[in-house]
Amino acid sequence: MFLGPLMLDIAGTTLTETDRVQLSHPLVGGVILFARNYESPAQLSELTASIHALRSPPLLIAVDQEGGRVQRFRDGFTRLPPMRTLGEIQDRNPDLSLHLARQIGYVLAAELKACGVDVSFTPVLDLDCEQSSVIGDRAFYREPQVVAELAHALMSGLQSVGMVAVGKHFPGHGAIQADTHVETAIDSRNYTDIEKKDLTPFRRMIDTGLSGIMAAHVIYPAIDPNPAGFSSKWLQDILRNELGFRGCIFSDDLCMQAARNYGSITHRAEQALQAGCNMVLICNDPDSADELLTSLQWEFSAVDTARLEHMRGQQTVHSMAQLHEMERFIRATEEISRISLANISVSV
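Using this note's numbering, you'd call the opening residue of the sequence shown number 1119 and step up by one each time.
Since the hints were derived computationally from the structure, they do not count as laboratory data. If you're wondering where the values come from, they're calculated on a predicted model, not measured in any experiment. There is no bait here: all hints are sound.
If you anchor each label on the Cβ, the simulated ranges turn out as follows:
#	residue 1	residue 2	range
1	1456	1308	36 to 46 Å
2	1456	1354	39 to 49 Å
3	1419	1325	19 to 29 Å
4	1445	1408	47 to 57 Å
5	1157	1355	42 to 52 Å
The C-beta atom is built at its ideal place from N, Cα and C for all residues, glycine as well.
Just need the whole structure built from these sequences, with the hints factored in.
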């Protein structure tokens, strides 16, 4: 059996029989977890083990564990700062900011891997343009070169424990106020402006080994009338051909309001897959998930399968308890805990 192109969510902290039936469907290839799926590291480890045991090859398990306000697992996990904190530190001490970015990437990945989670949808590569309410302090910095440097450092930390990185939201979500979760988002800039600024972190990260990219539900009408995640112009012509990306492309959640204007859930999934996504996300809408599992017709290629398998990264041999006894982990968490915008007391 291959990994299918759909990533679904589940309702609770354990698998129900309905979950097991859905996740065993050949169209499914992954599960995304939310805060409602988490109680403790032990519970999470049991949940991920039960998900992985359902299929062979095992389903890909993902989460949004960026830090700051987007950290799904909190109690029992290290509290990670918003990425803007690293940009603030960069203004004072660039070397320190890069060091801390690597430490955050390491801790983020080590804890998730210890609990059986394969990948986090991070880092955010959007620019901090002080425009977007939904991005805001999730972005590293306002300057694209600094974003690229900090994101690469964080990716190095992820990779040090076998986790790959997923950059988002291609080609850039930071320049508009609209929140695609609840409204249509339009960025009216021309391609030259977007290429000079927003595409720079994506290009730099691709050149240094970025494995995954999540596309935005933003419309850039000067380039294509469709949102980027439904656009072959963005995903094939620009991302694949111009930027040379060979990794895995994820859609953003197809149940967001900004995507609902594009027909039924089946039509949305087909459009995203045809545009170039390798995996599409269906979250917080079990009826849409059921509909899609009965109606979507899609033949997955060997290339798609290989791209998804690569997102699994490497398995870890450490439990959470063992991790907490490791000197590297202890030092990293101590350094992270001392991060403060007003009082930077960490020394490299």
